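Novice: Just so you know, the protein sequences line up as chains A, B and C, in that order. The opening position of the first sequence corresponds to residue 21 in this note's numbering, with each subsequent residue numbered one higher. The opening position of the second sequence corresponds to residue 21 in this note's numbering, with each subsequent residue numbered one higher. The opening position of the third sequence corresponds to residue 21 in this note's numbering, with each subsequent residue numbered one higher.
Hint data in this document are derived by calculation from the structure and do not stem from the laboratory. Owing to the predicted nature of the structure, the values given are computational and were not obtained by experimental measurement. Do not rely on the hints blindly, as some may be mistaken.
Chain copies aren't distinguished; within one or between two, either way the pair holds.
[To be verified] Simulated pairs of lysine-lysine, DSS-like, Cα-Cα distance not exceeding 30 Å:
#1 Lys135 to Lys278
#2 Lys102 to Lys273
#3 Lys135 to Lys197
#4 Lys273 to Lys135
#5 Lys102 to Lys249
#6 Lys238 to Lys270
#7 Lys102 to Lys214
#8 Lys195 to Lys249
#9 Lys270 to Lys102
#10 Lys102 to Lys308
#11 Lys308 to Lys197
#12 Lys270 to Lys195
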Amino acid sequence: MYHVLSAHQFDRNQLDQLFRMAEIMEYTAANGGSNLLNGKIMAALFFEPSTRTRFSFESAMMRLGGKVISTENASQFSSAIKGETLEDSIRVISSYADVIVLRHNEVGAATRAAKVSSIPVINAGDGAGEHPTQSLLDLFTIQKERGSIDNIRIAMVGDLTYGRTVHSLSYMLAKYKNVTIYFVSPENCPIPKKVKDYLDEQGVTYFEENDLHEVAAKVDVLYMTRIQKERFPSGEEYLNAAGRYVIDEKVLKLMDEKAIILHPLPRAGEILPEVDADPRAAYFRQAKNGVYIRMALLAYCLEGKQAGAELEALAKVMV
Amino acid sequence: MYHVLSAHQFDRNQLDQLFRMAEIMEYTAANGGSNLLNGKIMAALFFEPSTRTRFSFESAMMRLGGKVISTENASQFSSAIKGETLEDSIRVISSYADVIVLRHNEVGAATRAAKVSSIPVINAGDGAGEHPTQSLLDLFTIQKERGSIDNIRIAMVGDLTYGRTVHSLSYMLAKYKNVTIYFVSPENCPIPKKVKDYLDEQGVTYFEENDLHEVAAKVDVLYMTRIQKERFPSGEEYLNAAGRYVIDEKVLKLMDEKAIILHPLPRAGEILPEVDADPRAAYFRQAKNGVYIRMALLAYCLEGKQAGAELEALAKVMV
Amino acid sequence: MYHVLSAHQFDRNQLDQLFRMAEIMEYTAANGGSNLLNGKIMAALFFEPSTRTRFSFESAMMRLGGKVISTENASQFSSAIKGETLEDSIRVISSYADVIVLRHNEVGAATRAAKVSSIPVINAGDGAGEHPTQSLLDLFTIQKERGSIDNIRIAMVGDLTYGRTVHSLSYMLAKYKNVTIYFVSPENCPIPKKVKDYLDEQGVTYFEENDLHEVAAKVDVLYMTRIQKERFPSGEEYLNAAGRYVIDEKVLKLMDEKAIILHPLPRAGEILPEVDADPRAAYFRQAKNGVYIRMALLAYCLEGKQAGAELEALAKVMV
Numbered sequence: 021m022y023h024v025l026s027a028h029q030f031d032r033n034q035l036d037q038l039f040r041m042a043e044i045m046e047y048t049a050a051n052g053g054s055n056l057l058n059g060k061i062m063a064a065l066f067f068e069p070s071t072r073t074r075f076s077f078e079s080a081m082m083r084l085g086g087k088v089i090s091t092e093n094a095s096q097f098s099s100a101i102k103g104e105t106l107e108d109s110i111r112v113i114s115s116y117a118d119v120i121v122l123r124h125n126e127v128g129a130a131t132r133a134a135k136v137s138s139i140p141v142i143n144a145g146d147g148a149g150e151h152p153t154q155s156l157l158d159l160f161t162i163q164k165e166r167g168s169i170d171n172i173r174i175a176m177v178g179d180l181t182y183g184r185t186v187h188s189l190s191y192m193l194a195k196y197k198n199v200t201i202y203f204v205s206p207e208n209c210p211i212p213k214k215v216k217d218y219l220d221e222q223g224v225t226y227f228e229e230n231d232l233h234e235v236a237a238k239v240d241v242l243y244m245t246r247i248q249k250e251r252f253p254s255g256e257e258y259l260n261a262a263g264r265y266v267i268d269e270k271v272l273k274l275m276d277e278k279a280i281i282l283h284p285l286p287r288a289g290e291i292l293p294e295v296d297a298d299p300r301a302a303y304f305r306q307a308k309n310g311v312y313i314r315m316a317l318l319a320y321c322l323e324g325k326q327a328g329a330e331l332e333a334l335a336k337v338m339v
Numbered sequence: 021m022y023h024v025l026s027a028h029q030f031d032r033n034q035l036d037q038l039f040r041m042a043e044i045m046e047y048t049a050a051n052g053g054s055n056l057l058n059g060k061i062m063a064a065l066f067f068e069p070s071t072r073t074r075f076s077f078e079s080a081m082m083r084l085g086g087k088v089i090s091t092e093n094a095s096q097f098s099s100a101i102k103g104e105t106l107e108d109s110i111r112v113i114s115s116y117a118d119v120i121v122l123r124h125n126e127v128g129a130a131t132r133a134a135k136v137s138s139i140p141v142i143n144a145g146d147g148a149g150e151h152p153t154q155s156l157l158d159l160f161t162i163q164k165e166r167g168s169i170d171n172i173r174i175a176m177v178g179d180l181t182y183g184r185t186v187h188s189l190s191y192m193l194a195k196y197k198n199v200t201i202y203f204v205s206p207e208n209c210p211i212p213k214k215v216k217d218y219l220d221e222q223g224v225t226y227f228e229e230n231d232l233h234e235v236a237a238k239v240d241v242l243y244m245t246r247i248q249k250e251r252f253p254s255g256e257e258y259l260n261a262a263g264r265y266v267i268d269e270k271v272l273k274l275m276d277e278k279a280i281i282l283h284p285l286p287r288a289g290e291i292l293p294e295v296d297a298d299p300r301a302a303y304f305r306q307a308k309n310g311v312y313i314r315m316a317l318l319a320y321c322l323e324g325k326q327a328g329a330e331l332e333a334l335a336k337v338m339v
Numbered sequence: 021m022y023h024v025l026s027a028h029q030f031d032r033n034q035l036d037q038l039f040r041m042a043e044i045m046e047y048t049a050a051n052g053g054s055n056l057l058n059g060k061i062m063a064a065l066f067f068e069p070s071t072r073t074r075f076s077f078e079s080a081m082m083r084l085g086g087k088v089i090s091t092e093n094a095s096q097f098s099s100a101i102k103g104e105t106l107e108d109s110i111r112v113i114s115s116y117a118d119v120i121v122l123r124h125n126e127v128g129a130a131t132r133a134a135k136v137s138s139i140p141v142i143n144a145g146d147g148a149g150e151h152p153t154q155s156l157l158d159l160f161t162i163q164k165e166r167g168s169i170d171n172i173r174i175a176m177v178g179d180l181t182y183g184r185t186v187h188s189l190s191y192m193l194a195k196y197k198n199v200t201i202y203f204v205s206p207e208n209c210p211i212p213k214k215v216k217d218y219l220d221e222q223g224v225t226y227f228e229e230n231d232l233h234e235v236a237a238k239v240d241v242l243y244m245t246r247i248q249k250e251r252f253p254s255g256e257e258y259l260n261a262a263g264r265y266v267i268d269e270k271v272l273k274l275m276d277e278k279a280i281i282l283h284p285l286p287r288a289g290e291i292l293p294e295v296d297a298d299p300r301a302a303y304f305r306q307a308k309n310g311v312y313i314r315m316a317l318l319a320y321c322l323e324g325k326q327a328g329a330e331l332e333a334l335a336k337v338m339v
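Could you put together the complete structure from these sequences and hints?
Specialist: Laid out in structure tokens, this is it:
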């Protein structure tokens, strides 16, 4: 059985295949969708709300002809209140559906679910753990926008201590050749030592920086994240830090003409609306890519190699 | 692109076409539905709950072969909590779906959404603003039940100061010929001056009345709405007012044999259950018409002129 | 019109047919589903949350090609807040859908709904009233697992005073031949007199017991339910009682090799995880049977005799 529990489960070759499949999915979606998953049911089991991620998965399933049963807030509504374990919930729901998309607030929840599930489980975020489909769509977007992930120079900007997204992305970039990472954060929320240790081990070049304007000029990809107010001892210090990490027209002018700006969204002030119209603002295209990556992952989980064959046949039509 | 933001966007000719299409939709729904919107996804984005309106739209989409992604309470669950603007939410969701149905508590929300959306937006109510599909289904019901909207005499009854429904309906009726409106309300919640000014401008005849029994005998359409307790200084005054605006068997006897009673629903005492069995009680038929109007609007937004052509072909079969 | 309001509405012959249909449904679901209910819409109207039951019904509808409009918490979100009666809600929703699945906190709600609905209503639990699809799936599971319901010896264990499930199941078992029931409960929550009176009337043999271990050795079916803490005057007494009604490896050893363990789920400690791997642990298979029973009931409500004919044709293929 094929689960999607961690972005790390995919090696470089599988990532290449996945992104190829995601491109085919984009073509499929633009041409009226497919019946590949006709008759299949996806259970969207969200123990904490995330309308955006849920919608993206549901849309992906429907674009492939599948159907969806869905709960927005499983922790409040389900038998979890009556003391049922996650394992029992999964055992029951795996008799109702063909694939489970699980969002949970506890690290490791998706792995625990996969152990008892009789159907594939896709991790849609497990607390401070992983959110593999986000990492995969980030990588896919870089490859699509830049042509390749090898040789890129990328800045990750914002609160780098607690940002699950940037940790995962850093780990995944180690699978590519000659990547240079610039970690740009306020002094009190640097990238953690464990991430740096891993990059050292894998021989990835990285730098820790404070000045966004200096770094902006050097990179192919500017990956922005939110800076959270509650991390700072005073409002003044927060405003000072937050103000230093805002993409505006000034930053745009510093950036390379072919560089791109990414953001996992939602944003809250760290990219000004004046930036949206610039062709380098890729964050809404990035959100859209999430549907294609999830289509590819659903096909992978539910159809495995056969999906690959059908899709390759389709791909020939694309040329 | 075709958005549905305001009932006013449709001129008389377009209203005639829309109601013609809604009739075809009724025929379609009664005959197993259609595949017109097969492969299309509607996002029902409700920032405030309205199960009835949401169900009506979702049913309409499904009767046309489409699929639905849906949130019951976007303001509580979505990234709105994290400070995301409506514009950003719409930009992202328009990459997941083919049409957005938006319910929001702020006036103008649908228009703001349409400005940034890459797909059609249908206004399903924007606070004290508009609820165009309600107005359109009201008009459609009058035309269907009475044969024509021209020349009708209609009473609007209840709290006319705050009732969004009756304001919209008044404005829309000005597009028809020789309409007479009787506004029947307690003294402390009359129809606003701006509505009267508009009707004066358009040359629509109207009267302000207090006595429901007197008016009931004169009209073709009795449009009931709720009287809200909190508008009255004392419970006694409320009961007095509310008691004067109740449809019961006595009122039925006063009414013309071919007159109809409408209500946007839910009702709360202003039409007694004893009235339900009377053929003039049209309010549940009115609710049903909502599905056909919404089918027509979804077809209009997603298929435009082609929908018209396909539906006209279908219409020929109906004869 | 065919409603499903009570398990009692089915006589022995109809139960046999229904279970036959459920078996066909299992075959259908395992072979990619059916288009029997293509174009039909089920409204899942849950006035109190029950994700499990809702998912089971929605899955059943989708396996038959139907679509679903759904609300997780109708009492909080719908016009119920504005004072609308259940009857009015049902009248409106029956113009949006083809079948209503209703979960409500008030006894008799489903029967009230059926009286005003223009489409079939299925009772998915009405407070302390009935939950007929649970009773039917319980019976179906016994028949499937044991080959027959006639002649079985069954123990019902736990809080038997308030357990709606065990009351319904007891009543239903009276429709079968030579059934023996062992009621096993703490002294302060025995099976009610009205259930015993009914069984006396119908000539069903039953015993009231306290010792699970003694009974476990005698029965073909062990039907477990939760013991609720709030029923006991002190925590100590609760722990004492609860501890006596736990299925563990010791109980497994006492049980017949072909006996089965059932539980309506969710469980909360009364069956230890060590039991799950035993082939006699049938409670997750029981949950899965819920989908097949609900598929059969939806087909029965929406297609009536025609469903029977189509399914019998399908059944021939199965042989």
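Novice: Evaluate each hint against the coordinates.
Specialist: Hints and how they fare:
| no. | hint | result |
| --- | --- | --- |
| 1 | Lys135 to Lys278 | between (44 Å within a copy, 28 Å between copies) |
| 2 | Lys102 to Lys273 | between (57 Å within a copy, 29 Å between copies) |
| 3 | Lys135 to Lys197 | neither (34 Å within a copy, 42 Å between copies) |
| 4 | Lys273 to Lys135 | between (51 Å within a copy, 27 Å between copies) |
| 5 | Lys102 to Lys249 | between (36 Å within a copy, 12 Å between copies) |
| 6 | Lys238 to Lys270 | within (15 Å within a copy, 69 Å between copies) |
| 7 | Lys102 to Lys214 | between (38 Å within a copy, 28 Å between copies) |
| 8 | Lys195 to Lys249 | neither (33 Å within a copy, 53 Å between copies) |
| 9 | Lys270 to Lys102 | between (55 Å within a copy, 26 Å between copies) |
| 10 | Lys102 to Lys308 | between (38 Å within a copy, 20 Å between copies) |
| 11 | Lys308 to Lys197 | within (26 Å within a copy, 48 Å between copies) |
| 12 | Lys270 to Lys195 | neither (33 Å within a copy, 51 Å between copies) |
Of the numbered hints given earlier, the model fails hints 3, 8, 12; all others are met.
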